[in-house]
Amino acid sequence: MLRLLQDLLSAMRESALTLAPLALVLLGFALALGAALPPLGDLLTGGLVLVVGLALVVKGLEFTLFPLAEGIAHDFVSKGSLRWLLLFALTLGFSATVAEPALAAVAVQTAQAAVAGGHIDAADAVAFAWGLRLATALGIALSVVLGIVRILRGWPLPLLLLALLLPLLLLILVAPPLMTSLAFDMGISAMSTLAVPVVVALGIGLAASLAQRSSLIDGFGMVAPALLLPPLCVLLWGWLR
Amino acid sequence: MMVQAGEALLAVISDLLPIVLVLAAFQGLVLRRPLRRPSQVVIGLSLLIVGLALVLYGLEYTVFPLGREVAGTLAAAAVDATAASLLQLYLFLGALGFAAALAEPVLTTVAHRAAQLSGGAIQPWGLRLAVAMGIGLGACLGLLRMMLGVPLFPLLAVLFVVLYLQARVTPRLVVNLALDTGVVTISTVTAPLLVAVGIGVALQLDGGSAADGFGLLAVTAVGPALTVMGYAQLAVWRGKA
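Residue numbers (my numbering), protein chains in the order written: chain E, 1 to 241; chain W, 1001 to 1241.
Since the hints were made in silico from the structure, they are not lab data. Here the structure is a predicted model, which means the values were calculated and not measured. We put the CB at the ideal spot given by N, CA and C, even for glycine. Careful: at least some of the hints might be erroneous.
To be verified - Sample of chain E residues facing chain W (criterion: CB under 7 Å; computed from the structure):
id, residue
1, 25
2, 88
3, 101
4, 193
5, 216
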């Protein structure tokens, strides 16, 4: 318990240090432009809340979410149930992102912009937003699965990303123009502060449990496919609908 | 104030719940392994929930209003496209991206883990500074694309080809890590701030539909991969010289 408190204190020192540049940039530009600043008391409270909050998040991730996900990857390997591991990856990727508030917000905003731009009817806006969310979550789920398969097979990640450009190019040519601009932001919006650490740790744990893989060299690279596979699913959905 | 804090808490719990449920279901029903150190899990998850709620609250009431105000003022000033106003806008976006990336808790966690796994060969602050520079540069490139009206996919395709070529001459130790950093970093703090600038500028551009604001995150996400690999190459080159 005492160690945890000491840990938390040093984490707060670090989070204050990481937050300082953001405070400098925002306050510096606000002052230079003569923008109205909130009262000093509010700024200090907000800063304190953020320093404590960021420290708790970092410690919570390192203390729990990382070890949990690394441990479960290890258990799948030691049990030898790789089919279950892939099903787990699919379920985790989908459920971690479909309920993500940031993704829901972006999907609703996008649907509104599509209505305003005359691309879809106002009556279809809700269905459109849901379609976007489901297509994106499916894309994330497939990204996690692809990440697992990549580690198992030892495929090189840069080549894999390059190969994904080809189906994307074909879909860009046939999908409606509205989709081609919005599709590429979806995966990034869906990968939150909670989903990313779980997926990253899953890769590290898996690579560490396999004798012929390195947790550093092969274990990372789990979230990079989320740049390209969700757009692929969104474009496919946009083309088919 | 209590109401908003409660809302933040609720949002975090609804975000975390699916992840924890999937982990628990597979751990209990499929793997049938008891939880390792359950008290640690409970403490860690509590830290995480409280911390993330504090972060969301602090961002929503201190950082985002200030960011939106400065972004709106600069975007409105940049509409006459004088050299000085454009320079100010890009300077702000670059500095904002850099500073916001440093404050991201997931980047802090991943930097710690990468340092541990590499036995100290990767330094947390070196990695974070390289990533932060990449976010700043990537955001400026993304804004430039928006303002010049360059189509998104061809630019992304070129960037991924560059990444592939760069990966061939970068130490394997950092390639996958570098490709992950974009998705890892553009999260709770960075994404809303960048989007605020993107939407502010899109509204000022000709034919200003908010749909033009898309694509900024996708281009930004490529930035850190370029700079982290560049940083590693620089380290190798200096080691040889």
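Going through the hints against the structure:
1. Hint status for residue 25 of chain E: holds, given a least beta-carbon distance of 5 Å to chain W, under 7 Å.
2. Taking 7 Å as the C-beta contact cut-off toward chain W, the hint placing residue 88 of chain E at the interface holds, the least distance being around 5 Å.
3. Proximity of residue 101 of chain E to chain W holds as hinted, the smallest CB-CB distance being about 5 Å (cut-off 7 Å).
4. For the restraint placing residue 193 of chain E at the interface with chain W, the shortest Cβ-Cβ distance is roughly 5 Å, inside the 7 Å limit, so the hint holds.
5. With a cut of 7 Å, the hint placing residue 216 of chain E at the interface with chain W holds, because the nearest CB-to-CB distance is about 4 Å.
In the structure shown, no violation is registered for any of the earlier numbered hints.
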